[in-house]
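There are 2 protein chains.
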Amino acid sequence: MNELDWIRKIQSWVEAPAKGVAVGIGDDAAVLNPSEASLVLTTDSLVDGVHFDLAYSSPEDLGHKALAVNLSDIAAMGARPKYALVNLVLPPGKAENFLPGFYKGLSAEAQSAVTSIIGGNLSRCEKGLVICVTAVGEQVGAPRLRSGARPRDTIFLWGAVGHAAAGLQALQSLGLEEAKALFPTLVQAQLRPKACLSDAWLSLGVHASIDVSDGLVSELWHLARASSVGMELFPQNLDLTALQPLADESGAAALDWALYGGEDYALLFTAAAGKDEEIARALPGVRAIGRVHAGEPSVWISTEKGHQPLEARGFDHFGDTKA
Amino acid sequence: MNELDWIRKIQSWVEAPAKGVAVGIGDDAAVLNPSEASLVLTTDSLVDGVHFDLAYSSPEDLGHKALAVNLSDIAAMGARPKYALVNLVLPPGKAENFLPGFYKGLSAEAQSAVTSIIGGNLSRCEKGLVICVTAVGEQVGAPRLRSGARPRDTIFLWGAVGHAAAGLQALQSLGLEEAKALFPTLVQAQLRPKACLSDAWLSLGVHASIDVSDGLVSELWHLARASSVGMELFPQNLDLTALQPLADESGAAALDWALYGGEDYALLFTAAAGKDEEIARALPGVRAIGRVHAGEPSVWISTEKGHQPLEARGFDHFGDTKA
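Chains as they are written, first to last, in my numbering: chain A, 1 to 323; chain B, 324 to 646.
Okay, the calculated beta carbon distance ranges per label pair: (1) 251/A <-> 334/B: 38 to 44 Å; (2) 8/A <-> 328/B: 43 to 49 Å; (3) 181/A <-> 498/B: 57 to 63 Å; (4) 578/B <-> 91/A: 31 to 37 Å; (5) 104/A <-> 330/B: 30 to 36 Å; (6) 8/A <-> 357/B: 33 to 39 Å; (7) 603/B <-> 34/A: 29 to 35 Å.
If you are wondering where the hints come from, they were derived from the structure by calculation, not from laboratory data.
Each residue gets a CB set at the ideal place from its N, CA and C atoms; glycine is no exception.
Using the sequences and the accompanying hints, generate a full structural model.
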């Protein structure tokens with residue numbers, strides 16, 4: 001099969017594009033009909049050996065995950081995902097074993113998010129697999145920026161944190177089969193994370209928002225810096241239930257996974273304190289996990305001994321600290 | 324420097340985004356204000372060891388080229404480039420030596436094409452450098468598809484072909500300094516190709532269009548298949564002037580470079596035969612290089628012995644044939 005044959009195959013694997021698409025896969029570029037909404041664009045990549053290990057992730061898992069991590073950024077802006085382009089760099093000879101499963105997962109994820117795959121690219125690379133996805137969404141209401149947090153806001157977390165990091169530890173210490181059998185929720189969070197997508201989310205009044213890709217504390221710092229506020233975290237409000245059994249077994253601290261583990265794709269946001277009940281009704285499972293304060297950018301927890309600052313460690317591709 | 328520091332640096336290196344951009348670099352995603360035009364989206368990648376060799380390409384060259392190859396796809400659709408997102412995967416420790424030069428080249432190319440860099444991503448990869456760019460343009464008139472060629476159309480080529488392939492051969496046989504000194508046009512075509520961008524191009528009546536990234540014959544085949552037509556090429560109408568000295572010196576055939584060399588980013592298009600003069604006036608340097616015929620998809624040249632078919636060889640990432 002040559003590149004053109006693969007592109008034809010891919011066309012047959014993905015859903016027919018939605019109404020807004022004038023030109024989809026197969027020409028020099030995709031064309032979208034004019035839209036009355038603002039368009040939201042983001043790009044994220046999954047790199048072999050950094051974001052996944054082919055010993056654990058199937059091609060189908062990677063199809064799901066590559067799209068989900070981008071949809072999560074679209075959701076964080078308060079937008080509805082619509083389209084995606086998929087740029088694959090893969091070793092020669094890998095296409096046969098990789099592309100069918102990858103596009104099966106990608107198409108399923110796209111279908112569940114009502115998102116059309118409108119284009120992409122295939123390139124060869126001797127050295128490893130890189131998956132770059134660009135997602136496009138339609139803004140609903142005003143963009144939800146990192147800079148919108150205000151003093152006295154409640155800090156909310158929608159979705160689990162720490163699960164993906166704990167899932168990776170389970171995979172690395174137990175192997176794929178045993179980890180899946182004993183800790184299915186954690187392994188699923190690592191291999192097939194889901195973006196937080198809901199119409200209810202889009203209609204809420206939210207001040208600031210970010211998705212938790214690099215770890216909870218790291219994202220709290222992003223909000224604190226962009227909004228020039230202090231962020232007080234109530235760690236007792238985090239849900240560690242699913243983490244505790246593995247923590248007990250491995251001697252790890254469940255709270256550390258929740259604070260510093262990356263790749264969870266939960267949504268972290270702030271809203272006026274009076275909206276707590278409305279938000280709890282709209283987003284089942286959402287938790288109020290802290291409060292915004294006036295002051296210099298900072299992140300802390302309150303203990304009997306006073307403020308305990310939390311450092312911005314988390315997954316950083318270019319720094320010295322790694323989660 | 325950590326990832327956040329690099330993103331701040333990048334913000335300072337790129338031009339302030341244009342009016343259409345509500346949110347640029349630095350949040351979870353970019354936001355574009357609603358546009359009355361259809362939007363055109365494409366993504367393309369440059370891979371270390373496949374599309375470039377760091378022994379020849381400087382980071383600045385790669386900044387230019389990574390954007391130009393995407394702008395070329397936007398131009399081929401008959402659209403005006405507006406925005407780009409840049410997804411970089413690079414080895415740890417490479418950022419300091421790579422990012423400043425890369426963004427210098429990228430910003431210069433973006434500025435000359437009136438294109439705003441609105442977002443991107445940085446990831447680590449032990450194994451090599453991958454650059455994925457997604458470009459967004461605004462459609463002018465109807466999209467120019469591969470499928471629009473009609474019997475009796477003239478086939479036009481705007482821009483040089485074979486130069487980039489010959490430039491690569493010069494680099495590989497002579498080394499960077501000598502190749503640049505002796506064959507500056509060819510080396511420039513390889514290291515810093517330019518997309519064919521012009522308002523005059525956008526206002527022409529064109530039936531079908533494609534950019535020449537994989538080689539002239541390969542792209543003729545794409546048009547032939549998509550339009551279900553035969554494409555007759557007049558090889559004597561190709562401009563081999565700049566190729567001839569290196570061909571003479573190296574014993575290579577200049578015509579082979581022109582027919583099968585990739586990475587030139589010329590535009591290949593068809594238009595009604597009566598438009599030849601108008602097109603020649605609008606696009607200086609454009610050449611009529613063939614004619615479209617009714618019949619099964621095919622590509623050929625006419626010789627004294629009759630039709631000589633041209634096979635669709637060119638750069639194929641997954642096939643057995645390579646340029």
